[in-house]
Amino acid sequence: MFAHIWSHFDYWAMIFLAMAGLFIVIARGNLIKKLVGLGIFQTSVYLLYLGPAKIVGGTAPIVDTAFKVYSNPLPHVLILTAIVVGVATLALGLALVVRIREAYGTIEEDEVLRRDAQPAGEEAPQ
Amino acid sequence: MSALAHLPALQVVLPLAAAPLAVLLRDRVAAFVLVLAATWAAFAISVLMWLQVGESGPISYALGSWAPPWGIEYRVDSLSSLLLMLVSGVAAVVLPYSRASIEREVRQDNHALFYAMFALCLTGLLGIAITGDAFNLFVFLEISSLSSYVLIALGRDRRALVASYQYLIMGTIGATFIVIGVGLLYLKTGTLNLADMGVRLQEMTSHRPVLAALAFLTVGISLKLALFPLHQWLPNAYAYAPSAVSAFLAATATKVSVYALLRFYFSVFGETAVFQRLPMEDFMLILALAGMFVASTVAIFQRDLKRLFAYSSVAQIGYIVLGISFDSVTGLTATIAHLVNHAVTKGGLFLLLGAVMAGMGGVTLARVHGLGRVMPLTAFGIVLCGLSLIGVPGTAGFVSKWYLILAALEKGQWWLVFLIVASSLLAVAYVWRFVEAAYFHAPRADLAAVREAPAGLAIPAWTLVGATLWFGFDTSVTVGSAARAAAMLLGAGTP
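From first to last, the protein sequence lines stand for chains A and B. Note that the first sequence covers residues 1 to 126 in my numbering. Note that the second sequence covers residues 1 to 495 in my numbering.
Among the hints, a few may not be true.
[What the hints assert, rightly or not] Take a look, some chain B residues computed to stay more than 12 Å from chain A by CB distance:
no., residue
1, LEU36
2, ALA134
3, ALA153
4, ALA160
5, GLY171
6, ALA175
7, VAL182
8, GLY190
9, ARG200
10, HIS207
11, THR272
12, LYS411
13, VAL417
14, TRP432
15, LEU490
[Stated by the list, open to error] Computed footprint of chain B on chain A; a stretch qualifies when at least three of its residues, placed anywhere within it, have a C-beta under 8 Å from a C-beta of chain B:
no., stretch
16, 36-46
17, 80-86
18, 97-105
[Said to hold, decoys possible] What follows is a set of in silico ranges between Cβ atoms, one per label pair, in the way DEER data are often shown:
no., chain 1, residue 1, chain 2, residue 2, range
19, A, ILE15, B, GLN413, 34 to 42 Å
20, B, ALA9, A, VAL69, 30 to 38 Å
21, A, TYR11, B, ARG277, 24 to 32 Å
22, B, ASN110, A, VAL36, 24 to 32 Å
23, A, THR81, B, PRO20, 12 to 20 Å
24, B, VAL29, A, GLY58, 52 to 60 Å
25, A, GLY51, B, MET204, 33 to 41 Å
26, A, ALA91, B, LEU419, 25 to 33 Å
27, B, ARG277, A, GLY58, 32 to 40 Å
Treat the hints as calculated values from the structure; they're not laboratory data. Even glycine gets a Cβ: it sits at the ideal position worked out from N, Cα and C.
Can you build the whole structure from these sequences, using the hints too?
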């Protein structure tokens, strides 16, 4: 049983990171901490692709009779793309937080929502 | 001839190339002309491909000449060609409108960036519809999502920033769920080509990772398509975005996500795996009905018209998903027809609301008092679109609801017919809120001198309103294509 769990430790790491990230996104009110959680959540998925792609004793896919066992490079390439997407998302999210801070003077979600609840210069209800 | 063979690639590449060029040009007129040319070319290409698919069946295009399933395949069949035409058609109408609209709503030095983002968003949406590769689909999804977060954040209200941030968080969680789903499928099948994946999955549809993949994909895509109760990002995003963006996203973004859901359910997992072995029918039926009733009820109590119609969008997504839950050709025909009909209706509606915004300075119900007197044409257009949302005969909305009711009767679920009609009554209630404000109140003293919207706003808006009426009478394009696509998805007819 323990050996079974241990042999898949990369999956357990992935599940832990994903849940930790998602928890931070949900539980934290600070807009930057939320983005950190989101980053962890996104990063955990890289493990899901990269873990199984690693073959023990495998080399890069070189066409040569000396190498029989090699790892599939495709998951790495896919994750390279996913990393770029993750970086872009994080950069855009942080840029938005900067703008929110300029407009509201705070980066706490509760505070932002509270300031919108009684906005200045809004029309009175009919 | 050689250019014709590369239409599928050009469809995506033209708007993609226009985006960085628009940024480099920096001049707002030049950027507008460039992106307009790319958008209209994309629309022309999609019409050409739609005709070609109608004549000679699906088009398969090997990107970079790498043969599928190794390379990325672009696949245009009867469903994706319809979606491509819808997305690029709406973009071709909204872009000319946006020029007059963002003059008022977006800072002038951001205009070139607006057009660049618009082109990128169009690229992503077209890419989702055309690609036959699961990971490519995720990348295009993120391209369209990231650019739409920027487009929403360009809104003048500071709440646009918060709406965009919330959409970013929700959208990224959704997209990550989709990558997890795709990853699990890739681990099981060793392929990323959707068609190839579908073939290889047939022997292992009850394996646990495959079921987990189905769950992740369902939740992820449902977040993107704003299926109740995962719709929380949508109302604020539509309400505070610039008018042209609201119209474009309302008409296309959620629809393309519905397409992705259909693609995964019917082309990859297969109809039997999703609907016959799992209780997905009941599950989707309940969520669809909840969306129809809860969102429509919430819409009745909104004070801001853009928010009101954003909630109505969530309700209409309910009708679209209801059609999927029937798992029959008639049901899917209703889904796909409503996809097009609702896109055209809601697009026209948000464009008209943008014209109201330009004239009256806002779209709260209190502000549009007497709209029927000061902007009679615009008010009349909104009422026409409202009638289509309700499903009055003679409008596009009626056609798709008719097919929904047919599908319900086919299943012998007469009580559903009753519920569909009852939820339409809720739509009557929220549309009536607008009618009451626009026609039964005097305009505010300071707004009594407002005149009809300028032609730059009115012509694109009326193009979509005209399409709403046209699709209410001539259903050969909408229902005809939808029926063919539905038959293809269920494997009952020629693709």
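Status of each hint after checking the structure:
| no. | hint | verdict |
| --- | --- | --- |
| 1 | LEU36 | holds, 26 Å |
| 2 | ALA134 | violated, 10 Å |
| 3 | ALA153 | violated, 6 Å |
| 4 | ALA160 | violated, 9 Å |
| 5 | GLY171 | violated, 9 Å |
| 6 | ALA175 | violated, 8 Å |
| 7 | VAL182 | violated, 9 Å |
| 8 | GLY190 | violated, 8 Å |
| 9 | ARG200 | holds, 16 Å |
| 10 | HIS207 | holds, 15 Å |
| 11 | THR272 | holds, 27 Å |
| 12 | LYS411 | holds, 37 Å |
| 13 | VAL417 | holds, 36 Å |
| 14 | TRP432 | holds, 15 Å |
| 15 | LEU490 | holds, 31 Å |
| 16 | 36-46 | holds (count 4) |
| 17 | 80-86 | holds (count 3) |
| 18 | 97-105 | holds (count 5) |
| 19 | ILE15/A with GLN413/B: 34 to 42 Å | holds, 40 Å |
| 20 | ALA9/B with VAL69/A: 30 to 38 Å | holds, 37 Å |
| 21 | TYR11/A with ARG277/B: 24 to 32 Å | holds, 25 Å |
| 22 | ASN110/B with VAL36/A: 24 to 32 Å | holds, 28 Å |
| 23 | THR81/A with PRO20/B: 12 to 20 Å | holds, 18 Å |
| 24 | VAL29/B with GLY58/A: 52 to 60 Å | holds, 56 Å |
| 25 | GLY51/A with MET204/B: 33 to 41 Å | violated, 20 Å |
| 26 | ALA91/A with LEU419/B: 25 to 33 Å | violated, 45 Å |
| 27 | ARG277/B with GLY58/A: 32 to 40 Å | holds, 36 Å |
This entry does not satisfy hints 2, 3, 4, 5, 6, 7, 8, 25 and 26, going by the numbered hints stated previously.
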